[in-house]
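2 protein chains.
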Amino acid sequence: MTCTDLSRQINTNNNCLCIGLDPELGKIPKHLLGLKDPIFEFNKAIIEATKNECVAYKPNIAFYESLGRKGWESLEKTMEVIPSTHFTIADAKRGDIGNTSKKYAETFFETFDFDAVTVAPYMGEDSVRPFLEYSEKVTILLGLTSNAGSENFQKLKLKNGSFLFETVLKEASKWGSPENLMFVVGATNAASLTQIRAIIPDHFLLIPGIGAQGGDIQEVITKGKNSEIGLLINVSRSIIYASNGEDFSLKAQEEAKNINAQYQSLLG
Amino acid sequence: MTCTDLSRQINTNNNCLCIGLDPELGKIPKHLLGLKDPIFEFNKAIIEATKNECVAYKPNIAFYESLGRKGWESLEKTMEVIPSTHFTIADAKRGDIGNTSKKYAETFFETFDFDAVTVAPYMGEDSVRPFLEYSEKVTILLGLTSNAGSENFQKLKLKNGSFLFETVLKEASKWGSPENLMFVVGATNAASLTQIRAIIPDHFLLIPGIGAQGGDIQEVITKGKNSEIGLLINVSRSIIYASNGEDFSLKAQEEAKNINAQYQSLLG
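So the protein lines, in turn, are chains A and B.
First residue of the first sequence: 1, per the working numbering; consecutive thereafter.
First residue of the second sequence: 269, per the working numbering; consecutive thereafter.
Hints in this document: simulated from the structure, not taken from any laboratory.
Please note: incorrect hints may appear among the correct ones.
[Claimed, not checked] With a straight-line cut-off of 30 Å between C-alpha atoms, the simulated DSS-like cross-links for lysine-lysine are: (1) Lys-405(B) with Lys-70(A); (2) Lys-370(B) with Lys-44(A); (3) Lys-102(A) with Lys-304(B); (4) Lys-77(A) with Lys-427(B); (5) Lys-304(B) with Lys-36(A); (6) Lys-304(B) with Lys-77(A); (7) Lys-304(B) with Lys-70(A); (8) Lys-174(A) with Lys-405(B); (9) Lys-102(A) with Lys-427(B); (10) Lys-159(A) with Lys-438(B); (11) Lys-304(B) with Lys-155(A); (12) Lys-157(A) with Lys-519(B); (13) Lys-338(B) with Lys-36(A); (14) Lys-155(A) with Lys-312(B); (15) Lys-345(B) with Lys-155(A); (16) Lys-157(A) with Lys-312(B); (17) Lys-405(B) with Lys-102(A); (18) Lys-102(A) with Lys-295(B); (19) Lys-137(A) with Lys-338(B); (20) Lys-438(B) with Lys-157(A); (21) Lys-159(A) with Lys-338(B); (22) Lys-174(A) with Lys-427(B); (23) Lys-423(B) with Lys-77(A); (24) Lys-338(B) with Lys-155(A); (25) Lys-425(B) with Lys-438(B); (26) Lys-27(A) with Lys-370(B); (27) Lys-370(B) with Lys-51(A); (28) Lys-155(A) with Lys-438(B); (29) Lys-427(B) with Lys-70(A); (30) Lys-102(A) with Lys-370(B); (31) Lys-295(B) with Lys-159(A); (32) Lys-423(B) with Lys-170(A); (33) Lys-159(A) with Lys-519(B).
[As the list claims (entries may be wrong)] Computed Cβ-Cβ distance ranges for the label pairs, DEER-style: (34) Asp-381(B) with Asn-11(A): 32 to 40 Å; (35) Lys-155(A) with His-299(B): 48 to 56 Å; (36) Gln-218(A) with Ala-480(B): 50 to 58 Å; (37) Leu-35(A) with Lys-425(B): 39 to 47 Å; (38) Gly-214(A) with Lys-338(B): 39 to 47 Å; (39) Val-81(A) with Lys-298(B): 45 to 53 Å; (40) Leu-293(B) with Gly-268(A): 31 to 39 Å.
A quick note: this is a predicted structure, and the numbers were derived from the prediction, not measured.
Where a beta carbon is used, it is the ideal one built from N, C-alpha and C, also for glycine.
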């Protein structure tokens with residue numbers, strides 16, 4: 001599934017919600033823990049309940065690999081139950097020297113058949129290139145993240161007068177096209193979206209940081225939207241952990257519906 | 269195993285060699301391919317043949333995860349055959365928001381029992397903190413990497429007059445101590461080691477980029493060594509792929525011996 005397909009889904013459904021799948025054994029409903037693969041059963045129920053409320057799913061790879069082999073199995077099975085109409089993102093924040101990034105690209109684009117993977121920019125162009133070489137896949141590069149640590153380096157002022165994250169966006173936008181390259185911009189940094197859109201008017205933005213992290217959705221949509229919407233807004237914890245009772249999937253659906261109603265009124 | 273233990277091993281043996289375990293099915297000897305777990309069998313033979321020639325092993329996680337569940341199994345089994353006298357590094361280049369970095373730290377420090385893990389700095393302090401919270405473990409942060417892409421962002425000049433990588437080293441050195449925090453400095457950037465040692469005189473440096481990547485070992489040791497040596501020099505491909513015949517482990521041993529003889533004469 002390409003950015004064009006994703007954009008079509010978003011505009012047809014007036015829906016830009018991505019649901020983050022960050023399952024933790026300590027947080028999922030207790031009645032699932034006796035099943036053979038609680039993580040998969042949790043994801044499956046969440047996906048079944050929310051698939052009409054979102055256009056994308058974003059498994060956060062840390063939550064699977066921390067469980068070792070079993071976690072990778074849960075991830076494999078989860079990928080099988082995500083409908084093909086939905087865009088899939090491996091939130092992995094990978095990036096290494098060329099021959100190693102090539103292996104990470106193989107992991108997420110071949111071993112798993114994700115549509116997209118998140119990548120860290122610190123190691124520069126040749127660390128990102130192997131992901132971009134998959135013309136039917138999407139590389140999502142960190143621009144300005146949602147966490148407090150985005151202040152440490154991303155907002156350093158460069159000699160050329162711009163912030164580091166602005167130069168990252170500007171340089172990296174030359175490496176790929178809006179069709180195969182997106183950027184992560186955290187909702188907690190929504191105030192910067194106007195200047196970001198001046199640098200990359202046409203690229204999709206993946207926006208985490210709404211919900212548990214406290215970003216302002218109105219500001220995100222007002223400042224971040226472009227003529228084709230161009231936004232994929234991720235919510236994880238406030239949807240998937242809306243309840244930890246037996247009604248968890250129903251409550252997740254309700255929360256996704258509420259969030260969507262709010263987004264749709266803002267998208268206009 | 270802590271940095272103090274590692275330093276003792278290095279100084280006792282006058283040996284600072286780390287061997288990178290980057291096994292690829294397309295590159296390992298063909299006679300192993302019929303075995304049940306060729307990747308593990310390859311690693312096991314390499315470890316058995318080289319353990320007296322090095323003080324550390326560094327599995328490159330991309331090469332395992334690209335094989336899916338089976339790769340993680342090979343990695344688990346590999347960890348079991350690395351002698352407890354050797355320092356183990358998960359070369360993973362992870363880093364994400366706090367709750368996610370916590371899961372990555374769990375992966376490498378608990379699910380696997382690595383002594384150290386490599387971490388990317390772009391997301392700042394709170395993305396690194398969960399790794400540093402393991403007081404008996406070591407976080408290895410990217411400083412100045414060995415690849416061409418280190419020019420893109422790491423060598424940008426900041427408004428304060430320093431390069432980005434210098435500010436990363438300076439800031440991050442406040443987050444941990446030389447006991448729980450190391451830095452990656454690529455051998456291909458050995459010319460910068462004098463200025464790097466002025467910023468972080470006491471921290472261990474993990475040096476990739478010797479061998480296949482072409483870094484200058486003499487310059488690395490002359491400029492990078494401190495009073496306790498403080499260097500862990502990684503070589504991967506030129507040792508593990510010294511031969512792809514039935515003599516592969518013997519040739520790997522010979523190559524490791526040659527490299528070590530050269531290092532030892534330079535270490536003095």
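(request) List, from low to high, the hint numbers that the structure doesn't satisfy. (result) As far as the earlier hints go, 4, 8, 9, 11, 12, 14, 15, 16, 21, 23, 24, 29, 31, 33, 34, 37, 39, 40 are violated by this structure, in ascending order.
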